[in-house]
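S.K.: Kindly generate the complete structure, drawing on both the sequences and the hints.
Protein chains in written order, with our numbering: chain R, 1 to 448; chain W, 1 to 465.
The set of hints was computed from the structure by calculation and includes no laboratory data. Quick reminder that beta carbons are idealized off the backbone N, C-alpha and C, glycines included. Check each hint, because a few of them may be wrong.
These stretches of chain R come out as covered by chain W in the derived footprint (C-beta under 8 Å, 3 or more residues) [as the list claims (entries may be wrong)]: (1) 113-123; (2) 128-142; (3) 164-177.
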Amino acid sequence: MSLYQESRDGVVAEPTGEVLVEVDDLKTYYGSEGGLLGGNPVKAVDGVSFDIHRGETLGLVGESGCGKSTLGRTLMQLESATAGEVRYDGTDITTLSGKELKEWRQNVQMVFQDPDGSLNDRMTVGEIIKEPLNVHNWKTPTERRQRARELLDIVGLKEDHYYRYPFQFSGGQRQRVGIARALALEPDFLVLDEPVSALDVSVQAKILNLLNDLQEEFGLTYLIIAHDLSVVEHICDRVAVMYLGNIMELGPTDAIFDEPANPYTNSLLSAIPEPDPTLEKSRMTLRGTPPSPRDPPSGCVFSTRCPLKIRPEQYEDLDDDVWEGIEIFRAVLRDRGDLSKSVRQRLRDLLGLETRGMDIEEVLEESFGELDVPSDVQQHIDSAVEHVRRDDLQSAQEELETEFGSVCEQEVPENLPVGDTGRTSHCHRHRDEHEGTLDYIESHGYER
Amino acid sequence: MAVLVIVEFGALWGGIMALPWDTPMGLLTGVLPGAIGGAVAGIASVFADAGAWLADLPTLLSREWIPNQGHRVPGGGWEGTFLGLEPAYAWVIRVAVVYAYAMFTFYWVWRGYMVFRRHYRYADWTPADDMIDRFRGHNWGKFGLVLVMAFVVMAMFAPTISPTTQEQNIMDPYSHNIEYYNDDAGQVMETSVGQANLLSSSKGVQRNFGLWSYDEYDRFHPTGTFTNGKDMFTLTAYGARISLFIGVFASALAGGIALSLALLTAYYKGIVDLATVVASDAFMAMPRLLVLIMLVTVLADHWVANIYSGGFIIAFLFGIWGWMGLWRAVRGPAFQIVENEWVMASKGFGERPWRIVKKHVAPYVIGYLLIYLSMSLGGYIIGAAGLAFLGLGVTAPTPEMGRLIAAGQSLVTTQSWHISIIPGLMISALVLGFNALGDGIRDAIDPKTGGDDAAGEAAAAGGGG
Chain R
1 MSLYQESRDG
11 VVAEPTGEVL
21 VEVDDLKTYY
31 GSEGGLLGGN
41 PVKAVDGVSF
51 DIHRGETLGL
61 VGESGCGKST
71 LGRTLMQLES
81 ATAGEVRYDG
91 TDITTLSGKE
101 LKEWRQNVQM
111 VFQDPDGSLN
121 DRMTVGEIIK
131 EPLNVHNWKT
141 PTERRQRARE
151 LLDIVGLKED
161 HYYRYPFQFS
171 GGQRQRVGIA
181 RALALEPDFL
191 VLDEPVSALD
201 VSVQAKILNL
211 LNDLQEEFGL
221 TYLIIAHDLS
231 VVEHICDRVA
241 VMYLGNIMEL
251 GPTDAIFDEP
261 ANPYTNSLLS
271 AIPEPDPTLE
281 KSRMTLRGTP
291 PSPRDPPSGC
301 VFSTRCPLKI
311 RPEQYEDLDD
321 DVWEGIEIFR
331 AVLRDRGDLS
341 KSVRQRLRDL
351 LGLETRGMDI
361 EEVLEESFGE
371 LDVPSDVQQH
381 IDSAVEHVRR
391 DDLQSAQEEL
401 ETEFGSVCEQ
411 EVPENLPVGD
421 TGRTSHCHRH
431 RDEHEGTLDY
441 IESHGYER
Chain W
1 MAVLVIVEFG
11 ALWGGIMALP
21 WDTPMGLLTG
31 VLPGAIGGAV
41 AGIASVFADA
51 GAWLADLPTL
61 LSREWIPNQG
71 HRVPGGGWEG
81 TFLGLEPAYA
91 WVIRVAVVYA
101 YAMFTFYWVW
111 RGYMVFRRHY
121 RYADWTPADD
131 MIDRFRGHNW
141 GKFGLVLVMA
151 FVVMAMFAPT
161 ISPTTQEQNI
171 MDPYSHNIEY
181 YNDDAGQVME
191 TSVGQANLLS
201 SSKGVQRNFG
211 LWSYDEYDRF
221 HPTGTFTNGK
231 DMFTLTAYGA
241 RISLFIGVFA
251 SALAGGIALS
261 LALLTAYYKG
271 IVDLATVVAS
281 DAFMAMPRLL
291 VLIMLVTVLA
301 DHWVANIYSG
311 GFIIAFLFGI
321 WGWMGLWRAV
331 RGPAFQIVEN
341 EWVMASKGFG
351 ERPWRIVKKH
361 VAPYVIGYLL
371 IYLSMSLGGY
381 IIGAAGLAFL
391 GLGVTAPTPE
401 MGRLIAAGQS
411 LVTTQSWHIS
421 IIPGLMISAL
431 VLGFNALGDG
441 IRDAIDPKTG
451 GDDAAGEAAA
461 AGGGG
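M.R.: In structure tokens form, the structure reads like this:
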């Protein structure tokens, strides 16, 4: 342990406020080079900006497929960014290559989600931990061996595990080996990609505590990627909530968990089960699945599923259920008209072969059912249905869009400050002219 | 342990020295002047000298210790043979000593490995242990190993175990003389080997020297004589050398190409992969055998065709035309293994791509490759024999199994059946051995076929989370 501390005297474990990593409008797209058949690129990370302060733990949460792992890998330069900047200690690392990149890599290490897949089974634990040292020609081979043994001790394994194979360890022990490997080069910044989600709950706590201790001891900065909110609440100083390649809300953990501002954060937190079975709760359930990142919605990416979406003025007082019916109806149409369909389907469309076979009555029944739909709404729906019957999904969507669409679908929201804790939220509702999220939640009878 | 090493040191050194040094050295001297030009000729000659010197070093197991070439003496009995024994017995003793030595060396290496594994190695278990243990329980694979080892020993010790020497009997028979006891004259006379060969040929009905026979010149032929009177056993022993060389060299070349391409395509994917697919299709679209026949014919007068009596060019062409199937077979596994997070982790701390694939991908792919190689190795040997049968490839007088078979073909129905049958059986056994060995290796590498692997896990219990 002393080895580590020598070089780190005076490092404060607490967040210092000094910015270590600055991410500026970062974009990572896949498959944009796909050419003829590729269609739109997958926008895994689509314009993300945030800072990570030295010594802090930033959590990155979101549903699977929202791009959080891609973001982590882009920060590590394991994926190349399509646009934007990542500044580490002032240098833009997206432009580094060759020797500089290799040098820089010493500063940033990653711990992977799956401890089974992240350790090469044909190497002994000692070799695995020594590997980064070998790559960077760290001191002499004897010192490397010594260092590997020390690292084993630091992460709570025994030194005589040096000659064992990963095969012989449990998941938690393997994850410790992974952490030891990540620490080998004395990095300042660790990207932890779901470090505990593959582990038993009892082991999870041990690993999280280990991470906490290591951070205090060595003054590390963490970016923790997780989908488990309780993990994030337990360990993070600040949290970034991600949805479809965008950061929806970013702020101190306490503030976000106590009083979420963004509608998406609200829905996420609302999904946490309560331990009390008698408690009746009107949850803000999320409809359907996230849209395809190949063809994200216009305006706010969350607009297709948002329960707090801003309505056009004339529908401000429309019954919530009818509004939801309209939204479901539009979601179905959108789904059918999805641009990210297969090549075969696209070919068929080009040839004019109709394959969708949508039963519009069924959709209507599902969306509105027994609801008492006001006539002005009904009128537009009927018109849309007419378009659908003529196989003109495009017009049907446009019709509904012009009538029921709002700023949420037309404009990309800014990251607006919320409260006085430096929190930002990606939502139009924080503008003065709209009803704030909290007020809306209260006035519409949702509970968190 | 140390005592074991000291006791064995002499014998081991003998084994190292008994390697056919002249073969690679001859190859080297053959390649260098042509390939690089006159400037390096000086260096080449140094290599040649070093090779010759190494080849001339005295060895522990040499034919001079137990000679079997002698002649009868008027009063009965033999002169010039080991302890005055009959040449057949002297030869049997020499072969037995060579194989005993080989077996002992093998046993010693195995024993040494076990001792190392049990007492000296830091890790008390490695994944390779399980593979070796599984192979130990695989009788068919062990049978293959024994066959292959028997051939390797025969090829390695060909100068020692053949009843006569290649130089004397095959390459330059008219420059060597032998003594023999002439029954008619009742005295020991001298003649050239070429002359003796002429009267020792096996030609079916008119004259035949079959298995385990002496010719009229007091020479012993364990597996008879060839159609021109040369010793069959010597021919097949040296033929085994060429066959093994072709098989191993072609496999190494094809396997090397296949492995590098598999690693390359798996790591870079995309356009590299596509290019390789197209290249392999292009190679596959050409009928291999016809192309080989064409190239062997076209290159017949080129200096390349003279290296190792044409064995090199055959092996080289087999290698160049052999990688496609192997590459396809290992491409899938390679793609799968590159997706593992440990590869990503390795990138994460800045490892170079070449080292990543070498350390983190290749060890997994080589297992698959070995299996396919052991299957195709037999094919190369058979292929080379087939070409020789057609009169292509390895040139006379260098012995090649296929040519021996071809020469004896018309005599199969006569007393001289051994000319075709013996090399035919040998080559079948060799290919069978490699296939059986391949089966064994495959089953050893694939953990699903063997006992349980949980033993190691218990050993690691305790410590950590």
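S.K.: Going back to the hint list, which numbers does this structure go against?
M.R.: none
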